[in-house]
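K.L.:
Sequence:
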Amino acid sequence: MKLSLAFGLSGAVILPVLYEVYANISAAAGLVLIAVWAVCAGAKFSALKFKEAFMGMVCTLAYAGILGVICYIVIHPKVSDMLNRRSVYFQLSLKQQAYFVLYAVLISLCMFLVWGGIFGVKKAIERFRLNREKTGEYIDKAFDDDEDML
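Using the working numbering, the letters of the sequence shown map in sequence onto residues 705 to 854.
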C-alpha cells in the first residue's frame with residue numbers, strides 16, 4: 705500500500721503539471737513523461753506478489769485520477785496566471801482536453817503491461833531453473849549405480 709500511496713499521490717501532482725506541459729510546451733514531452741511515470745510504477749510494483757501488485761496499481765490509478773482532478777483545480781489557475789504574466793497561455797479546447805485524458809489513461813494502463821512483462825519474465829526464469837534442477841536429478845538417477853536395471 706505504501707507504493708500505491710506514493711505513486712498515487714505523486715501522480716496526482718504530476719498529471720496536472722504534465723497537462724500544462726502538454727498544452728503549453730510540447731504534447732510529446734508531456735506524454736513521454738507520463739509514460740516514464742507509468743513504467744517506473746510498473747517496475748516497482750513487479751517486486752510485489754501478484755495480488756498485492758494488481759491491487760496496488762488499481763489504487764494508484766484511482767488515487768492519481770481522483771486527487772489529480774483536485775490538484776488540477778489548484779494548480780491550473782496558478783500556472784495560467786504565471787504564464788499570462790510572462791508569455792502566452794494556450795488553453796486547449798474541450799476535445800483536446802479529452803484527448804489528453806484519454807492518452808494519459810491509456811499510457812497509465814501501460815503500467816500493467818510493464819508489470820506483467822516483468823512478472824512473466826520472472827516466472828519463466830523460475831521455471832527454467834526448476835527444469836534445470838529436475839533434469840540434473842534425472843541424469844543423476846540415470847547413472848546411479850545403486851539401482852538394478854533388470
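The hints are simulated quantities; they were obtained by calculation from the structure and are not laboratory data.
From the three backbone atoms N, C-alpha and C, an ideal C-beta is built for every residue, glycine too.
Keep in mind that the hints are not guaranteed to be accurate.
Restraint ranges, calculated between C-beta atoms of paired labels, are given here [unchecked claim]: (1) Asn-835 x Ile-770: 44 to 50 Å; (2) Ala-766 x Asn-788: 30 to 36 Å; (3) Leu-713 x Gln-795: 25 to 31 Å; (4) Lys-799 x Gly-824: 33 to 39 Å; (5) Val-825 x Tyr-793: 42 to 48 Å; (6) Ala-802 x Arg-833: 44 to 50 Å; (7) Gln-800 x Ser-714: 45 to 51 Å; (8) Phe-758 x Leu-787: 15 to 21 Å.
K.L.:
Measuring from beta carbon to beta carbon, are Lys-799 and Gly-824 in 33 to 39 Å?
P.N.:
This hint holds: roughly 37 Å between Cβ atoms.
K.L.:
Is the hinted range of 45 to 51 Å satisfied by the C-beta distance from Gln-800 to Ser-714?
P.N.:
Violated: the Cβ-Cβ distance is about 25 Å, outside 45 to 51 Å.
K.L.:
Could you check the hint for me, namely that Asn-835 and Ile-770 are 44 to 50 Å apart, CB to CB?
P.N.:
holds (45 Å)
K.L.:
Holds or violated: the 30 to 36 Å window for the beta-carbon distance between Ala-766 and Asn-788?
P.N.:
Holds - the Cβ-Cβ distance for Ala-766 and Asn-788, about 33 Å, lies within 30 to 36 Å.
K.L.:
I want to verify a distance hint. Is the separation of the beta carbons of Val-825 and Tyr-793 within 42 to 48 Å?
P.N.:
holds (45 Å)
K.L.:
Honestly, do Ala-802 and Arg-833 meet the 44 to 50 Å range at C-beta?
P.N.:
About 48 Å separates the Cβ atoms of Ala-802 and Arg-833, which means 44 to 50 Å holds.
K.L.:
For the hint 25 to 31 Å, verify it against the beta carbon of Leu-713 and that of Gln-795.
P.N.:
holds (27 Å)
K.L.:
Per the hint of 15 to 21 Å, is the separation of the Cβ atoms of Phe-758 and Leu-787 within bounds?
P.N.:
violated (39 Å)
Checked against the numbered hints above, the structure breaks hints 7 and 8 and satisfies the rest.
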